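Engineer: Could you slot chain B onto chain A? The hints should help.
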Amino acid sequence: MEQLLFFLMAGGMVAATLATIFARNPVYSAIFMILSFAATAGLFVMLDAYLIAVVEVLVYAGAIMVLFLFVIMLINLRSDELEGLKVNPLMVIAAGTFLGLMSKAVSDLGPAVQSRANDLEGTPALVAETLFTEYAVPFEAVSLLLLAAILGTVVLARRSQDA
Amino acid sequence: MSLAVLTFADDPIFYLAANLAKIVVFTHIVLILSALSVLAERKVSAWMQDRLGPNRVGPGGILQPAADALKFFFKEDIVPGHVDKVLYILAPAIALMPALIVLAVIPYGPPLTVLGETIPMVIADLDIGILFVFAISSLGVYGIVLAGWASNSKYPMLGGVRASAQMISYEVMLGLSVVGIFMSTESLRLTDVITSQVDGTWFMFSQPIAFIIFVIAAFAETNRLPFDLPEAETELVAGYHTEYSSMKFAMFFIGEYTAMFVFSALVAVLFLGGWDIPFMSNADFEALGNWGTLLGFLSFFVKCLAFLFFYIWVRWTIPRFRFDQLMNLGWKVLMPIALVNVVLTGVVLGWLGS
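Just so you know, the protein sequences line up as chains A and B, in that order.
Position in the first sequence (first residue = 1) + 584 = this note's numbering.
Position in the second sequence (first residue = 1) + 6 = this note's numbering.
Same shape as in the complex, but just chain A:
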């Protein structure tokens, strides 16, 4: 039963992600991406990490993808405008580097993650405790970074308005 669920979720995730890349229509891409997030959330549920699963749906599927769709709808790209995208060698290098780094990171982490999966209890209390005690400084640093990003977008938006 567990294996069946796992392959259902994992298979769904991979299929939805592939569909995101290969869909011709940006709106369909966005929808497949939401499906892929839902499948990821399902995998987190199977690890008993309910909080992470819910945050995955709440933040990515519920908020960020709505903004994606919002922008896609506002720009309203027609399919003929999309044909102009040329493959740039820089893109290939960037994607390749990212893939290499990620696979290195995952293979380094591999056994460690698997052995810890059992004690990963994603209860809100536990997550909050580790965030605000052990990882308080990195947590605040990340919030500062996000604040800087927000201010940056506001500044950029203002500048283009004045010009």
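What the hints contain is simulated information worked out from the structure, not anything from laboratory work.
What you are looking at is a predicted structure, and each value in this text was computed from that prediction instead of being measured.
Note that CB positions come from ideal geometry on N, CA and C, so glycine has one too.
Mixed in with the good hints, there may be bad ones.
Claimed, not checked - Chain B regions said to be covered by chain A (calculated; three or more residues, Cβ under 8 Å):
#1 129 to 143
#2 162 to 175
What the hints assert, rightly or not - If we take Cβ atoms under 8 Å as the criterion, some of the chain B residues that face chain A in the derived model are:
#3 V147
#4 V151
#5 W155
What the hints assert, rightly or not - What follows is a list of derived Cβ distance ranges for each label pair:
#6 A:G736 / B:V346: 21 to 27 Å
#7 A:V738 / B:F329: 16 to 22 Å
#8 A:G684 / B:M253: 49 to 55 Å
#9 B:L294 / A:A709: 30 to 36 Å
#10 B:S287 / A:F716: 32 to 38 Å
#11 A:L685 / B:V346: 42 to 48 Å
Structural biologist: Okay, now just chain B, sitting in the frame of chain A:
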């Protein structure tokens, strides 16, 4: 790997039967109530405007929802030629689904005892209860946005764009407003929120700011007047469902009224004490046994129906907001107040705790 979702109780068949019964009973109660609330909407609006309202079908017009449903089934189901077919057909289902899923975590009453086993009157008592509600109900916007986009026509498109901006904004207030409640209950589980209110005060009184913000945001999230901008009929014909007919249109309607019920239930759970009856404690409910469950169940539904009536009352009383007013109210008024409320709650709790 332990999979808590699939761990059955000692008696798997009993567990399965109890859960299936709960799913069937609660879903049907809510769906019937949402059908009746359409009738209630027409009746209440009629009384408020000194008319009679629908009174031809059944005694006092009580069977009007059945007549409406029949009419929807027999209408021609038109799929306009210019739409994106797949999404056009999927959108009404996507609009209805989240509202139905959220019903799973709402506690309808105190636990029921059958054959010596205690059955909680909630389909899934998650320890992340409220986050689950927000996560799933935030998906409700896709139905509207996709309907607007797939219709491939100007007014639905505008309705869809408005809906996405509005619902994203007001989700933030919805989430922020309830932070104070969970700071004082120290649990995200909805049944814990209720039991703490049964023995203490209702959060409507101890968190009045949160209550007002939550109610305003609930109106915006369900696209009801004064915030029904995605379908504003005087500006956008019918907004996102302009191109829809027959049962597809009806599904948007059922989705809207089910979402209204869900938010009424949430208001009852979070702010009005859930199944609590004034001057009764958790021990009283336990002492009464299954009669306590019945009382709690009734009290919960009375609160839900009262808030549903409030929804309708407001709709026929207050005029619609303009879109910039809606955004200003959300981001520049409600959001700072909600943040101040969180800080205030923290200060008060810290002061009481030390």
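Engineer: All the hints need checking, so say for each whether the structure fits it.
Structural biologist: Evaluation of the provided hints:
With 8 residues carrying a beta carbon less than 8 Å from a beta carbon of chain A, the segment 129 to 143 of chain B meets the three-residue requirement, and the given coverage holds. Remark: the segment 162 to 175 of chain B is confirmed as covered by chain A, as 7 of its residues place a Cβ nearer than 8 Å to a Cβ of that chain, reaching the required three. This hint holds: V147 of chain B has a C-beta 6 Å from the nearest C-beta of chain A, less than the 8 Å allowed. Using the Cβ-Cβ criterion of 8 Å, the hint placing V151 of chain B at the interface with chain A is satisfied: the shortest such distance is roughly 6 Å.
With a least beta-carbon distance of about 5 Å to chain A, the hint placing W155 of chain B at the interface is held under the 8 Å criterion. Between G736 of chain A and V346 of chain B the CB atoms are about 26 Å apart, so this pair conforms to the stated range of 21 to 27 Å. Taken as a hint, the range 16 to 22 Å holds for the pair V738 of chain A and F329 of chain B, whose Cβ atoms sit roughly 21 Å apart. Taking the beta carbon of each, G684 of chain A and M253 of chain B are about 52 Å apart, inside 49 to 55 Å as hinted.
Evaluation of the 30 to 36 Å hint for L294 of chain B and A709 of chain A yields a pass: the beta carbon distance comes to about 32 Å. S287 of chain B and F716 of chain A have their C-beta atoms about 34 Å apart, which keeps the hinted 32 to 38 Å range intact. The given range of 42 to 48 Å is respected by L685 of chain A and V346 of chain B, whose C-beta atoms sit roughly 43 Å from each other.
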